[in-house]
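J.: From first to last, the protein sequence lines stand for chains A and B. Residue 86 in my numbering sits at position 86 of the first sequence; the count goes up by one each step and never skips. Residue 1244 in my numbering sits at position 244 of the second sequence; the count goes up by one each step and never skips.
Hints were generated in silico from the structure; no laboratory data involved. Virtual Cβ for every residue (Gly too), placed ideally from N, Cα, C.
Here chain A is said to cover these stretches of chain B; the calculated rule only asks that three of the stretch's residues, wherever they fall, bring their Cβ under 8 Å from a Cβ of chain A:
1) 1030-1038
2) 1135-1144
Here are some of the chain B residues that sit facing chain A, going by a computed Cβ distance under 10 Å:
3) Ile1041
4) Leu1043
5) Tyr1132
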Amino acid sequence: MSENTDVWEVFIQSKNGLPHKHAGNVHATDKEMALQNARDLYTRRKEGSSIWVVKATDIIASQSEESEEFFDPSDDKMYRHPTFYTMPEGSKNI
Amino acid sequence: MDNLINYTLRIADNALILGQRMSQWCSNGPTLEEDIAMVNISLDLFGQANGFYEYASSIDGNKSADDFAFLRSEREYFNNLIVEQGNGHFGDTIVRNFLFDTYSVLFYTKLQNSSDDTLAALSSKSLKEAKYHLRHSSNWLIRLGDGTDESNKKVQKSLNDIWMFTGNLFEMDELDTDMLNKGIGIDNSLLKSEWDKKVNDTLSSAKLNRPEDGYMQTGSKEGIHTEHLGHLLSEMQFLQRAHPNAKW
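Okay, chain B solo, but in the shape it has when bound:
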C-alpha cells in the first residue's frame, strides 16, 4: 500500500509543483491573453494534483489531500526535478514546460492502461489537458525558436541550461519496478525513445539544436531536490503553516 501511495504522490507532486510555478505567472504574463492561458494551465494542473492526492488520501485513510499537498517537508516531495526549476523568462518557462509536457502526454497515455482503475481514470482525464498544454508550449517553442535571432538565442540557452534535468524523467527505481510488476505502474525508461522522437521533431521545426545527453541530475525519487523547491514550498505552504486548517 505504501508503494501505491508513494507512486501516486509522485504523479500528484509533478502536477502540484508545476501548477504552483505556472500560478506565479499570474499578473506577470507578457500579454493579457498569455497571462490567462498560463493561469488556465496552472488550474488544470491543480485539478490533476487534487485528483491524485484525494486518491492517495483514500488509500492512506488518515492524511487528507491538503495534508499531502501542504504539510510535507521538502524531502518528502517526489516531483521530478525539472518541474521545480524557476520560471526565468518566458522562454525558460516554455522550454521547461515543453520538455515536461511531452513526457506527461506519453506518461498518461501509458498509465491509462494501469490495472488500478482509479489511476487509469485519472490519467485519461489528465491526458486531455496535458495534450493541450503540449500544444501550447510546443507552438510557442516553434514561434520563439524560429522567431528572431534574439529569441532563438534565448531559448537555445534555456534548452541548454535545463537539459540536465531531463534524464530524471526516465529513471526507474525499486518502487517503480514493483508497481510495473503489479501492472499498476509503467516503465518510464520505455518512454525515452518516443520522447526523443517527438522532442527532436519539434526542435527541428523550431530551428533549435538538441543538447548532448551529458551529465544528468538525479535524486527526486529519494526526495532530494534542487535549491528551488524549498523556496517554492515556503511560499506555497505559508498559509497552512501559519493558520493550520484555514478554510475559505
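Bound-form chain A, shown alone:
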C-alpha cells in the first residue's frame, strides 16, 4: 500500500483563535483519509478542535543554503520587535 500513499503534514488547532500548529504527519491516499488518520492519530486525547492536512509535497520550504540571505538581514533590526510597547493588561494570545 505504501507505494500509493502520500505523506500529509498535520496541523492542529488546540482551541479557537490560536494558530494551527504542526503536530506530525500521516500516510494517506486521499484528503478524506488524511483527515481521518490525522483525527485518529493526533486528537485522541482532546488535543484539538480543528485539523488541517496538507500534502507534504505541496509545502514550499526555505532552503538551508539560502538561510544567509533569507534571515540574516533581520538580525540587526531590533526596532521591528514589538518589545518597546507595554502590553495592555489582560490581553491574551499575543
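With chain A fixed as given, assemble chain B onto it according to the hints.
T.: Structure of chain B alone, referenced to chain A:
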C-alpha cells in the same frame, strides 16, 4: 424489569462483540494509521458497551457490568449475528462494519427519544461515535469498491457473503414489541427503508451491486448464534474464567 435488562443487553452485546472483533485488528492493520483507527473504534465500542452494561447492572442490582460482559455463556448473548462474523480480510471487515454502522446510526438516532432517560442519554452519546464509525467504513467502502478491479471484486464478494445476516437487524420479537409499547424501545422494522436508502446510495458510489434480499439468518434474539461467537467468547472470557475477579 427483565425485559428492560434484556433489551439493554442486546444493545450492549452488539457494541461489545463488534468492539472485540475490532480489537483483533490491533497490530494486524494494513497500515499503522489504519491500525490505530480500528483500535480507536474498538475502544469507542467498549465504552458504549460499558455504559449499557452498567445500566443493566443497576437495574439488576446483583450482577456487575463485568459479570454481564464476561460470565455469560454463548446462548445468553443477544448481539446481532452480523457483528460476530469474522474479520476476514480488511474488505470483509469494512463491509460488515459499514452495514452495521448504517443501522447503528439509525438505531441510536431513534433511541435518543426513548422514554427511558438513561437509554436516551447513552444513545445520544453513542450516536456521535457511531456517525464517525460510519464515515470511516463508508469512505473505505467507496475507496475499495471504486478502486481497482481486484479490490472491487473482493468487496463485492464480501458483500454477497455477509448479506444474509442483515435481515436479523430489523426483526421484532415480543420483547421488542413490549418495549416499543412502553415507549422505551424502538420499532426496528421501521429502520429498514431508511437503511435501504443509505446503503443503496453508498453502494452505488462504490460501484457495487446490492445483493438480493434472499434467505436471511436469524436466531440472535433467542441467543442462537453462528459458529463464530463461541470462539470469540473463549478468547475474550479466558482471563475472567481462569482468574475470577482478576483486577488490573
